[in-house]
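Undergrad: This is what each chain is made of:
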Amino acid sequence: MQFMLLFSRQGKLRLQKWYVPLSDKEKKKITRELVQTVLARKPKMCSFLEWRDLKVVYKRYASLYFCCAIENQDNELITLEIIHRYVELLDKYFGSVCELDIIFNFEKAYFILDEFLLGGEAQDTSKKNVLKAIEQADLLQECCMTDTVSQSFSMV
Amino acid sequence: MPAVSKGDGMRGLAVFISDIRNCKSKEAEIKRINKELANIRSKFKGDKALDGYSKKKYVCKLLFIFLLGHDIDFGHMEAVNLLSSNKYTEKQIGYLFISVLVNSNSDLISLINNAIKNDLSSRNPTFMNLALHCIANVGSREMAEAFAAEVPRILVAGDTMDSVKQSAALCLLRLNRTSPDLVLMGEWTARVVHLLNDQHLGVVTAATSLITTLAQKSPEDFKTSVSLAVARLSRIVSSASTDLQDYTYYFVAAPWLSVKLLRLLQCYPPPEDGAIRGRLTECLETILNKAQEPPKSKKVQHSNAKNAVLFEAISLIIHHDSEPTLLVRACNQLGQFLQHRETNLRYLALESMCTLASSEFSHEAVKTHIETVINALKSERDVSVRQRAVDLLYAMCDRSNAKQIVAEMLSYLETADYSIREEIVLKVAILAEKYAVDYTWYVDTILNLIRFAGDYVSDEVWYRVIQIVINRDEVQGYAAKTVFEALQAPACHENLVKVGGYILGEFGNLIAGDSRSSPLIQFDLLHSKFHLCSVPTRALLLSAYIKFINLFPEVKGTIQEVLRSDSQLRNADVELQQRAVEYLRLSSIASTDILATVLEEMPPFPERESSILAKLKRKKGPGNLHPDLDENRKERSANGGTADHSSTTSNAKSSPLSFVGDLLAPASTAPPTNRPRPVSSSYLLQAPLTPIPLQASAVPVLLSAGPLFQVAASPTPSTDLLGLGSTITTQNSAPPASKGTSLLVDVFSENIAAFPVETPVAVGPVADENFSRFVCKNNGVLYENQLLQIGLKSEFRQNLGRMYVFFGNKTSTQFMNFAASVVCQDTLQAQLNVHAKPADPTVDGGAQLQQILNIECMSDFVDAPVLNIQFRYGGTLQNVAVKLPITLNKFFQPTEMTSQDFFQRWKQLGAPQQEVQKIFKAKHSMDTEVTKAKIMGFGAALLDGVDPNPSNFVGAGVIHTKTTQVGCLLRLEPNTQAQMYRLTLRTSRDTVSQRLCDLLSEQF
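Protein sequence lines, in the order shown, are assigned to chains A and B. Each residue of the first sequence is one higher than the last, beginning at 1 in the UniProt record's numbering. Each residue of the second sequence is one higher than the last, beginning at 1 in the UniProt record's numbering.
With the rest of the complex left out, here is chain A (with noise of 0.2 Å):
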């Protein structure tokens, strides 16, 4: 996987992870066009296309687009399970998840996917392994801090 980027139906990118080196401003034209791109599609069509040299897999949970650019010789429909399996994370996480826990926990969202992805590849697909993995690292940070944990979310 070349990168994967979260945005929303308005067009507003909620995460974006690279796997290839890439300069700003090649980041922000990709993401530019990409959003443009499948944002312009509509709901019945596939879930891939040919874009560049590069394949891109995308799928829509609520108001959320996520979308993954993969090589050529990479399998799209296990990359749209692989996107499933990280709604699943987040969902388990924040207990059904919606746009703003992933706005307001937005570096949560990067440390569930780092557990899941790294280097662009799968690296636990045991939901159970990875959920342990962050549930010990909020574990950790819990010994060190004196309050309780609180949602930050429920204020909004």
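I should point out that these hints are in silico values taken from the structure, not numbers from a laboratory. All clues stand as given, with none of them false.
Below, simulated DSBU-like cross-link-like pairs (lysine-lysine); rule was C-alpha separation at most 30 Å, straight line: (1) A:Lys17 - A:Lys44; (2) B:Lys298 - A:Lys132; (3) B:Lys35 - A:Lys28; (4) B:Lys290 - B:Lys367; (5) A:Lys42 - A:Lys59; (6) A:Lys59 - B:Lys298; (7) A:Lys12 - B:Lys35; (8) B:Lys617 - B:Lys403; (9) A:Lys42 - B:Lys26; (10) B:Lys923 - B:Lys777; (11) A:Lys25 - B:Lys35; (12) A:Lys127 - B:Lys290; (13) B:Lys921 - B:Lys932; (14) A:Lys59 - A:Lys27; (15) A:Lys108 - B:Lys45; (16) A:Lys128 - A:Lys108; (17) B:Lys299 - A:Lys42; (18) A:Lys27 - A:Lys44; (19) B:Lys299 - A:Lys128; (20) B:Lys923 - B:Lys793; (21) B:Lys43 - B:Lys87; (22) A:Lys42 - B:Lys378; (23) B:Lys907 - A:Lys29; (24) A:Lys25 - A:Lys12; (25) B:Lys617 - B:Lys217; (26) B:Lys837 - B:Lys883; (27) B:Lys24 - A:Lys29; (28) B:Lys296 - A:Lys127; (29) A:Lys28 - B:Lys31; (30) A:Lys108 - B:Lys299; (31) A:Lys12 - B:Lys31; (32) B:Lys31 - A:Lys25; (33) B:Lys921 - B:Lys907; (34) A:Lys42 - B:Lys298; (35) A:Lys42 - A:Lys17; (36) A:Lys28 - B:Lys26; (37) B:Lys777 - B:Lys810.
Given chain A, put chain B in place with the hints provided.
TA: Frame of chain A, contents of chain B only:
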């Protein structure tokens, strides 16, 4: 204040994010951000030391601002400080900031690397993971330099935790992708392969990705992974869906791992060991069988995961391309998907079938789905699916269905999306040409292309139809008639006017007998379009008119009238004006004989690969380097065993239709107005009028009238259409033979003079039996007869070389008057200097005489110098002439480069004339090691891990000559099954590509 808001949530951050979300306008957002930046800056600069929490919060805010798309130019140092915090969350935020915002700030890099080093040696798995994630996320060269040796150690250490192993494996994968040269294979490689046997499926998953990447780089080192991967796959495939617990995804056992294992196997040919091969075939069969079972869940995740494995299995089957039953089964399975209600599956089935179509075993099976595919083209609502359908139709096309497919594509063109029209036009043009049995169909097809999608018909396409018509007598009359009819339409595309003008100008006479298309009617028809056309087209029409004057003397007056009109003679466009002036003058002063010579019918074009094909390849982008191989494979299958085998096969590569293209192509880069004017119109006017002999006048007239059609106006003399190329080339090639020779050659020419001339013995045939053996090596025996043995030892550096020639006297009698000299004939004289040092005139019986040759390569060359030897043995004069193996590749300097560089250069050398390709049968056994040695002996650097297919060979180097250096890339693709090779050379110089290709292709 900070003490209160401590906690996981970072309240200040949440407030800031809310503020931003509440901003009504972009300006308000920027204002809020600037305020925050100022605040953070003052905090960072303030005297009071910030506590860890505040630092973390501010760094996190900066990160948020950056991710919103704003620039951040400070805070890096604070983030680096966080790395050494012993609080996990602070460290974590620090790492996240570094991963997202790393720049090549060198003093920071060493600090970051230090922090990472500390965490890697901390033995705390959570910290180690953070550090490994950071290396993998940044993946910069500096990091690779610092950790490429450390990460493999962590990966294979016995006491490393599973989760750390996983991170280490993928971290190494990333480093290998960005800096493959820094990841060195070592004794750890064998242990990495054994991770495939690990208990922990997560470790296996991560390791499989790593091994796949490394196996592409050095397949030999990871060969043993094949049997392990097959075993693992077999266990997964045969397991019950609950066996693998959490690795079962919606009732599918370990789909990710299965896909990865199948990917890994695609790095290798089918396993040679029968047992492993059988086991793999069983796995693949099981996967295909499962596709037929009723789904265990209605969830789309279930079917996606299951089919992901299925498609990957099909990819492997296609990659192996050796099991006919599996290929046909795969094809049938995909056939079912073609009509599936899931758009995604239809898309993938079309895509996958494209590759199946190129296998000889499944080509026929794919063809049976033609109706479904055509239907997809008509009824799919999604353009990307329709695009796949077009691709598949193109891939499955052969002689048997070409007419149907071309007709369907043509009719689709009328409604096709603008984004894919040009590609369809190219595809139709290629198929129509490739599978044309009768050329009237071809002409009709191209004219229809212009009619339906004239704007998308590129110059290559209409040049091509003209080339074909000119080269095929039998279609010329039909073409003239058809374009004449097509031009009757009140509105026709300008491309049609171009084709019409050209063809009528050449072959209008063939239909002039019919009173409905008499010369005058033809002219009026063309001229009625004239005023609506662009300048280049009008220029072309003017040329057609002057050709008319030659074809039909009866319309000469009318045409002269047109040429004479102010709108032509005083046209503001200099090209049109010049043509009008010249043509008018030419038609007035030249005799009919001269006119007939000057305006003669175009000679046939030399045959070369279609430029349309080249264009399509360019359009398809760099990823698609192999269309030809597919073409070949398909051809083999399409014609397997049938009677017209040979004719079709030749059609694929070098069909009688596949000629030039490039010949015409330069015109598109150099617009017609730029035509060369070696002799301007004034020259013509100066030329004496009638009484000069034909020959003398012919040259200037030709030169001036040469660019009759813009296509002839190419600036390179050799591409001239009117045959005056020969005059120019002789002029050009004459001088270098005498000029440009340096001292060395002068010395050498004395040598020739000193050559014993006493007996002008007819020099016998030049021996060259062993010549090709020396292409890839420098030492050995070059020649031997009963008397004499000639051995060579040579060394080359850049454009210089030294060759030691050993003359061995095999007899017991002395050789007298022994003299050896080197002759560079013709053009070679200016390209290569060979200076032979004088040697003894006698060689004693049984002794050896050594002579040294100094060699200097001036420019690239084709021919080889000849070594002439003369001596007296007994009473008779002996003459031996041997071709000296000094070949262009001797001046190679190998160049190492990364995969990325290679492909970038490969793309840069994409012009059709820069590439030379040859497909040939293997003459020796196809041994990988031998091939490698030959390529290295040839002088190029052998690049590992560049080609996605590990069985291919890729090389790079620079040819050094005194005048220039020519970068060369080469690629050799063995097909062990067919015992064939395909060799592709790309260099910046067409002559070099050709020569190197010829030399190297003789070696296998």
